[in-house]
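J.: Below, each chain spelled out in residue letters.
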Amino acid sequence: MNEANVTPQTGQENADRYTSLIVALIVFTTVLAAVLAALQADANIRADTANRDSQYLTILASGELTRSGLESNYELTVFGDHLKNLQEATVLELTALEQETDGKDKAAQATRALAAISQASADMGKKFSIFYTDPRYAPPSENDLPNTDQYLTDAFEKANEIVARQNQAADAYHAWDYKADTYVNALTVLAVAFFLFGLAQALKDSRTRLIFVVFGVVIILFALLITITTSLL
Amino acid sequence: MKRSNWFTSRFEVVNAMLIAVVSLTTAFAVWRTNVMGSNAAEHSHLGLIDAVKKQAFENENYRKVYEEAGFAYQFAVKQAEVEALEASDDPIVQDQAANSRKYLLPNMQLLAQPLATDEKYQNTDGTYDLQKRLADMQSAEESQLDPAASFARADSFFSQERWLVVGSIFLAVSLFWLALAEVSSERIRSWQFTLGLGLYLLGVLWFAGVELIFFFMRRGG
Numbered sequence: 001m002n003e004a005n006v007t008p009q010t011g012q013e014n015a016d017r018y019t020s021l022i023v024a025l026i027v028f029t030t031v032l033a034a035v036l037a038a039l040q041a042d043a044n045i046r047a048d049t050a051n052r053d054s055q056y057l058t059i060l061a062s063g064e065l066t067r068s069g070l071e072s073n074y075e076l077t078v079f080g081d082h083l084k085n086l087q088e089a090t091v092l093e094l095t096a097l098e099q100e101t102d103g104k105d106k107a108a109q110a111t112r113a114l115a116a117i118s119q120a121s122a123d124m125g126k127k128f129s130i131f132y133t134d135p136r137y138a139p140p141s142e143n144d145l146p147n148t149d150q151y152l153t154d155a156f157e158k159a160n161e162i163v164a165r166q167n168q169a170a171d172a173y174h175a176w177d178y179k180a181d182t183y184v185n186a187l188t189v190l191a192v193a194f195f196l197f198g199l200a201q202a203l204k205d206s207r208t209r210l211i212f213v214v215f216g217v218v219i220i221l222f223a224l225l226i227t228i229t230t231s232l233l
Numbered sequence: 001m002k003r004s005n006w007f008t009s010r011f012e013v014v015n016a017m018l019i020a021v022v023s024l025t026t027a028f029a030v031w032r033t034n035v036m037g038s039n040a041a042e043h044s045h046l047g048l049i050d051a052v053k054k055q056a057f058e059n060e061n062y063r064k065v066y067e068e069a070g071f072a073y074q075f076a077v078k079q080a081e082v083e084a085l086e087a088s089d090d091p092i093v094q095d096q097a098a099n100s101r102k103y104l105l106p107n108m109q110l111l112a113q114p115l116a117t118d119e120k121y122q123n124t125d126g127t128y129d130l131q132k133r134l135a136d137m138q139s140a141e142e143s144q145l146d147p148a149a150s151f152a153r154a155d156s157f158f159s160q161e162r163w164l165v166v167g168s169i170f171l172a173v174s175l176f177w178l179a180l181a182e183v184s185s186e187r188i189r190s191w192q193f194t195l196g197l198g199l200y201l202l203g204v205l206w207f208a209g210v211e212l213i214f215f216f217m218r219r220g221g
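Each protein sequence line maps, in turn, to chains A and B. Just so you know, we're using this note's numbering here: the first sequence kicks off at 1 and counts up by one. Just so you know, we're using this note's numbering here: the second sequence kicks off at 1 and counts up by one.
Just to be clear, a hint being listed does not mean it is correct.
List of simulated lysine-lysine pairs, DSBU-like, C-alpha gap at most 30 Å [said to hold, decoys possible]: (1) Lys102/B <-> Lys179/A; (2) Lys53/B <-> Lys102/B; (3) Lys102/B <-> Lys120/B; (4) Lys54/B <-> Lys84/A; (5) Lys102/B <-> Lys64/B; (6) Lys127/A <-> Lys104/A; (7) Lys132/B <-> Lys120/B; (8) Lys64/B <-> Lys104/A; (9) Lys126/A <-> Lys179/A; (10) Lys127/A <-> Lys179/A; (11) Lys53/B <-> Lys126/A; (12) Lys102/B <-> Lys126/A; (13) Lys54/B <-> Lys64/B; (14) Lys127/A <-> Lys64/B; (15) Lys127/A <-> Lys84/A; (16) Lys132/B <-> Lys126/A; (17) Lys102/B <-> Lys54/B; (18) Lys158/A <-> Lys132/B; (19) Lys53/B <-> Lys132/B; (20) Lys102/B <-> Lys158/A; (21) Lys84/A <-> Lys106/A; (22) Lys53/B <-> Lys64/B; (23) Lys126/A <-> Lys54/B; (24) Lys54/B <-> Lys106/A; (25) Lys64/B <-> Lys132/B; (26) Lys106/A <-> Lys102/B; (27) Lys53/B <-> Lys84/A; (28) Lys179/A <-> Lys204/A; (29) Lys53/B <-> Lys127/A; (30) Lys120/B <-> Lys53/B; (31) Lys64/B <-> Lys84/A.
Residues from chain A shown here face chain B by an in silico Cβ test under 8 Å; the list is partial [unchecked claim]: (32) Ser62; (33) Thr66; (34) Ala89; (35) Leu92; (36) Ala108; (37) Asp123; (38) Leu224.
Calculated directly from the structure, the hints in this document are not laboratory data. Glycine is no exception: its CB is placed at the ideal position from the N, C-alpha and C atoms.
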């Protein structure tokens with residue numbers, strides 16, 4: 001009679017063993033899953049924003065390269081034209097001097113007129129050229145050449161700056177996208193932990209229950225490790 | 001103690017109804033959160049399209065202004081050449097200058113318009129104001145394109161999505177606890193039910209608060 005009373009109590013105790021621990025673990029897993037879901041959503045949004053910024057900066061960089069290309073093409077054409085006219089004027093002046101020396105005065109006069117035309121063109125080109133009007137590139141004296149290297153550096157500086165920002169945004173996109181993917185992995189792992197704890201809750205045998213709990217805890221620790229290392233990246 | 005059956009247990013029926021309500025609310029919250037995500041993506045996309053259009057306008061404007069600048073430069077140089085010819089003592093050269101001024105320069109000036117024809121683009125030193133010409137080239141359609149405004153709106157939707165996700169998580173967690181209360185023993189189900197209900201109410205309040213705040217922040221949008 002006594003035995004009959006004792007046996008069900010032991011069975012009940014056996015069935016209830018670890019119940020509180022499993023509930024606590026389920027609560028912890030739920031909270032962890034909630035935190036992970038929020039982190040994943042946030043990482044995803046940041047990845048989307050960085051991806052958009054990267055694309056926007058690509059458009060701006062492309063536009064800036066077009067603009068600086070057109071501008072430098074114009075400036076270098078004007079500068080080249082000016083140099084050509086200047087050399088023509090010099091050569092024609094020298095020719096006129098030679099002609100004067102040879103006694104060909106009329107020819108020298110005509111050549112001088114041509115030299116004057118070339119000189120007028122060169123002077124006008126100088127007014128139009130940024131290499132003579134901008135103090136950053138203008139030659140310090142008559143005999144020096146303009147600072148074309150500085151001009152080319154300045155002309156593409158803005159484009160290079162935009163490209164650098166675009167690279168940063170692209171890197172940020174990859175980093176946040178990687179984080180978002182890793183959080184999804186951690187959430188998937190947590191789903192396994194949920195399954196194991198649910199199974200442990202349903203089982204009656206305390207030893208089998210404990211085995212599932214231990215496996216569940218290992219999986220939670222693994223998910224925690226993924227979450228912490230990813231968050232610190 | 002004799003336990004009542006499923007249909008007569010008031011707690012289980014009430015809890016089951018609450019689970020149904022919470023499930024519907026969670027589904028609605030997740031849908032609404034996704035709508036915000038879609039709106040954000042749509043405005044980001046719109047901003048990028050506007051940026052491409054604006055850039056296309058700008059590229060065309062720059063191409064055109066430098067094309068005009070090239071013609072205007074050629075006109076200015078030819079004009080200087082003609083002036084040099086006119087300064088010559090040789091009557092033959094002067095005739096050439098006269099013909100160039102009469103026939104060549106007007107045609108070159110036409111080609112170089114509006115820089116060479118409109119006084120507002122001409123600087124005192126004989127050069128042209130390209131920046132002013134570029135500013136005048138901007139069309140009304142181009143001025144209306146504002147990628148930054150679309151991106152700001154997208155950011156607002158992204159922000160709302162972020163906060164709604166938190167609300168959706170409250171609702172999902174409350175659903176979990178209510179479901180647990182349904183299957184747990186009577187000893188612990190009451191606090192599980194209370195926790196689930198509390199989280200549900202918190203989630204609903206959170207959700208409504210986020211919606212209202214962003215509604216007013218976007219001025220009804």
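J.: None of the hints should be skipped; say for each whether it holds.
T.: Outcome of the hint check:
1. Lys102/B <-> Lys179/A: Since the Cα atoms of Lys102/B and Lys179/A sit roughly 73 Å apart, the hinted pair is violated (cutoff 30 Å).
2. Lys53/B <-> Lys102/B: Roughly 43 Å between the alpha carbons, so the hint for Lys53/B and Lys102/B is violated.
3. Lys102/B <-> Lys120/B: 24 Å, holds
4. Lys54/B <-> Lys84/A: Violated. Lys54/B to Lys84/A sits at ~38 Å, over the 30 Å cutoff.
5. Lys102/B <-> Lys64/B: Holds, at about 27 Å.
6. Lys127/A <-> Lys104/A: 34 Å, violated
7. Lys132/B <-> Lys120/B: Given pair Lys132/B, Lys120/B holds - Cα atoms ~8 Å apart, limit 30 Å.
8. Lys64/B <-> Lys104/A: Violated - the C-alpha atoms of Lys104/A and Lys64/B are around 48 Å apart, more than 30 Å.
9. Lys126/A <-> Lys179/A: 57 Å, violated
10. Lys127/A <-> Lys179/A: 57 Å, violated
11. Lys53/B <-> Lys126/A: 36 Å, violated
12. Lys102/B <-> Lys126/A: 26 Å, holds
13. Lys54/B <-> Lys64/B: With Cα atoms ~15 Å apart, Lys54/B and Lys64/B stay inside 30 Å; holds.
14. Lys127/A <-> Lys64/B: Since the Cα atoms of Lys127/A and Lys64/B sit roughly 21 Å apart, the hinted pair holds (cutoff 30 Å).
15. Lys127/A <-> Lys84/A: OK: Lys127/A and Lys84/A at ~15 Å, within 30 Å.
16. Lys132/B <-> Lys126/A: 21 Å, holds
17. Lys102/B <-> Lys54/B: Status violated; Cα separation ~42 Å.
18. Lys158/A <-> Lys132/B: Distance ~21 Å between Lys158/A and Lys132/B Cα, so the pair holds.
19. Lys53/B <-> Lys132/B: 22 Å, holds
20. Lys102/B <-> Lys158/A: Violated - the C-alpha atoms of Lys158/A and Lys102/B are around 45 Å apart, more than 30 Å.
21. Lys84/A <-> Lys106/A: Status holds; Cα separation ~25 Å.
22. Lys53/B <-> Lys64/B: 16 Å, holds
23. Lys126/A <-> Lys54/B: 34 Å, violated
24. Lys54/B <-> Lys106/A: 60 Å, violated
25. Lys64/B <-> Lys132/B: At roughly 13 Å apart (the allowed maximum being 30 Å), Lys132/B and Lys64/B satisfy the hint.
26. Lys106/A <-> Lys102/B: Holds, because 27 Å separates the two Cα atoms, which is no more than 30 Å.
27. Lys53/B <-> Lys84/A: 40 Å, violated
28. Lys179/A <-> Lys204/A: 40 Å, violated
29. Lys53/B <-> Lys127/A: 35 Å, violated
30. Lys120/B <-> Lys53/B: 29 Å, holds
31. Lys64/B <-> Lys84/A: 25 Å, holds
32. Ser62: 7 Å, holds
33. Thr66: 5 Å, holds
34. Ala89: This interface hint is violated because 10 Å lies over the 8 Å limit.
35. Leu92: For Leu92/A, the interface hint is violated, since the closest Cβ of chain B sits about 12 Å away, which is over 8 Å.
36. Ala108: 12 Å, violated
37. Asp123: 7 Å, holds
38. Leu224: Given a least distance of 18 Å, the restraint on Leu224/A is violated.
Of the hints listed earlier, those the structure fails to meet are numbers 1, 2, 4, 6, 8, 9, 10, 11, 17, 20, 23, 24, 27, 28, 29, 34, 35, 36 and 38, in rising order.
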